[in-house]
Amino acid sequence: MCTSIMAGKEATDDGVVVLARNEDFTRNNWNKYLVYRRLPEYRLDKANAIVDGRWTLGNGLSVPIPTKAYGYSAIPDSAGYREASHAIGDRFFYEERGINERNVAISATNSLAINDKAQAADPLLKAGGVAESVILTLILPQVDSAREAVSLLGRYIEEYGASEVNGVLLGDPQEAWYFENGSAHHWIAVKVPQDSYIAVANGMRVHGVDLDSPDVKCSRGLYEFAVTHGLLDHPDRHSFDFAEAFGVVGDPYNVDRVWLAQKS
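In my numbering, the protein residues as written are 1 to 264.
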C-alpha cells in the first residue's frame with residue numbers, strides 16, 4: 001500500500017512540480033536501488049523480448065515496438081526479483097518510479113480498489129495487460145511530456161486492457177497530472193492546478209470533474225459507459241464522480257491517510 005502527494009509548481013516554495021510516494025511496508029523496502037537504462041529494452045538485443053515486430057514486457061503484455069527510445073532512470077520494486085518467476089525471467093524489471101531524459105517523471109502506482117458493479121461491467125484481466133509492474137517501463141521511453149504520457153497510457157489501457165486498478169502520478173517541469181484507471185478499459189486523468197496539491201492513499205480520488213475541460217482526459221465513451229451500466233445514481237458529465245462510479249469510497253484506512261496529509 002502507498003501514500004502519494006503531488007503538487008503544482010506554484011504550490012511549492014521553489015517553484016517546481018513535486019511527485020512523492022512512499023511504500024507502506026515496515027521492512028523489505030528496496031528504495032535505494034537505482035538503475036539507469038541508456039536505451040529501453042526494445043532497442044537492445046534481448047532473447048525473447050522482440051518477436052515479429054512486437055515487444056513483450058515482463059508480465060506478458062505484448063505491444064508493437066515503439067518508435068521513440070529515450071533513456072531513463074528508475075527505482076525497481078523490492079519484490080521485482082520474486083515476481084520475475086511468474087513471468088519471463090530476469091527481464092521483469094518492476095520499475096516503480098523514474099524520470100526520462102526529457103524530464104518526464106512517473107510514479108506507478110497507488111493500488112486502488114474497484115467496486116463490484118464496475119468489475120461486472122468491465123472485468124479486469126486475470127493476467128497480463130497494463131499493470132503496475134510494467135507502466136513505467138512501457139511509458140517513460142516514449143514520451144516528451146506528462147500530458148503525452150497520460151494519453152499514451154490511456155491508449156494502451158483502452159486497447160489492451162488492465163489487470164489492476166491503479167493511480168499514477170505523472171509530471172514534467174510544467175505540469176502535474178493524476179491518472180486513474182477504474183476498470184479494464186476505462187480511465188481518467190486530471191491536471192493538478194498549478195497552485196494546488198493532491199494527496200492519494202489507496203482509494204480513487206477523482207470527484208466532480210468536467211469531462212469537457214481541457215484539463216481532464218478520459219477513455220472514449222466513459223460517460224456513456226457509466227450511464228449504461230448504472231454506475232452513478234445521478235450522472236453529470238460536467239461534475240463527474242469517477243471515484244463513486246468505479247471505486248470504493250470512504251474506507252477509513254484511506255480516508256485517514258488523506259486527512260493526515262492535508263492536516264500536515
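Honestly, the hints are just simulated from the structure, not real lab data.
Even for Gly, the Cβ is constructed at its ideal location relative to N, Cα and C.
Hints may be right or wrong, so weigh each one.
Here are the in silico distance ranges between beta carbons for each label pair [said to hold, decoys possible]:
| no. | residue 1 | residue 2 | range |
| --- | --- | --- | --- |
| 1 | D45 | T228 | 41 to 49 Å |
| 2 | P123 | D195 | 38 to 46 Å |
| 3 | A20 | S151 | 21 to 29 Å |
| 4 | H207 | P123 | 19 to 27 Å |
| 5 | V227 | E159 | 35 to 43 Å |
| 6 | D45 | T12 | 39 to 47 Å |
| 7 | V16 | Y253 | 25 to 33 Å |
| 8 | N48 | K263 | 45 to 53 Å |
| 9 | T12 | V35 | 39 to 47 Å |
| 10 | W259 | G60 | 33 to 41 Å |
| 11 | D45 | T67 | 15 to 23 Å |
| 12 | D251 | P64 | 34 to 42 Å |
Derived lysine-lysine pairs resembling DSS-like cross-links, with alpha carbons at most 30 Å apart [said to hold, decoys possible]:
| no. | residue 1 | residue 2 |
| --- | --- | --- |
| 13 | K68 | K217 |
| 14 | K117 | K217 |
| 15 | K68 | K9 |
| 16 | K68 | K191 |
| 17 | K217 | K191 |
| 18 | K117 | K9 |
| 19 | K9 | K191 |
| 20 | K126 | K9 |
| 21 | K191 | K117 |
| 22 | K9 | K263 |
| 23 | K217 | K9 |
Taking the hints in turn, this is what the structure says about them:
Distance hint check: the CB atoms of D45 and T228 are about 47 Å apart, consistent with the given range 41 to 49 Å. For P123 paired with D195, a C-beta distance near 39 Å keeps the hint of 38 to 46 Å intact. At about 24 Å, the CB distance of A20 to S151 agrees with the hint of 21 to 29 Å. Taken as a hint, the range 19 to 27 Å holds for the pair H207 and P123, whose Cβ atoms sit roughly 24 Å apart.
Look at V227 against E159: about 23 Å separates their beta carbons, and that is not inside 35 to 43 Å. Between D45 and T12 the C-beta distance comes to about 42 Å, which sits within the given range of 39 to 47 Å. The given range of 25 to 33 Å is respected by V16 and Y253, whose C-beta atoms sit roughly 31 Å from each other. Judged by the Cβ atoms, the range 45 to 53 Å given for N48 and K263 holds: they are separated by roughly 49 Å.
For T12 and V35, the Cβ-Cβ distance of about 27 Å falls outside the hinted range of 39 to 47 Å, so the restraint is violated. For W259 and G60, the hinted distance range of 33 to 41 Å is satisfied, since their beta carbons lie about 38 Å from each other. Against the hinted window of 15 to 23 Å, the Cβ-Cβ separation of D45 and T67 comes to about 18 Å, which satisfies the hint. The hint said 34 to 42 Å for the Cβ distance between D251 and P64, and at roughly 38 Å that hint holds.
Under the criterion of a C-alpha separation no larger than 30 Å, the hint pairing K68 with K217 is consistent with the structure, at around 23 Å. Simply put, K117 and K217 have alpha-carbon atoms about 23 Å apart, close enough for the 30 Å limit, and the pair holds. Restraint check for K68 and K9: satisfied, since their Cα atoms lie roughly 28 Å apart, inside the 30 Å limit. Of the pairs offered as hints, the one joining K68 and K191 holds, with about 24 Å between alpha carbons and a cut-off of 30 Å not exceeded.
Of the supplied pair hints, the one linking K217 and K191 holds, its CA atoms being roughly 9 Å apart against a limit of 30 Å. For the given pair, K117 sits about 38 Å from K9 by alpha-carbon distance, which is inconsistent with the 30 Å threshold. At most 30 Å may separate the alpha-carbon atoms for a hinted pair to count; K9 and K191 meet this at roughly 12 Å. Taken as a hint, the K126 and K9 pair is broken in the structure, with Cα atoms around 39 Å apart against an allowance of 30 Å.
Proposed proximity of K191 and K117 is supported: the alpha carbons are some 27 Å apart, at most 30 Å. A C-alpha spacing of about 20 Å is found between K9 and K263, which places the hinted pair at or below 30 Å, so the restraint holds. Using a Cα cut-off of 30 Å, the hinted pair K217 and K9 holds, with the two alpha carbons roughly 20 Å apart.
Violated hints, listed in ascending order, are 5, 9, 18 and 20; each of the other numbered hints is respected by the structure.
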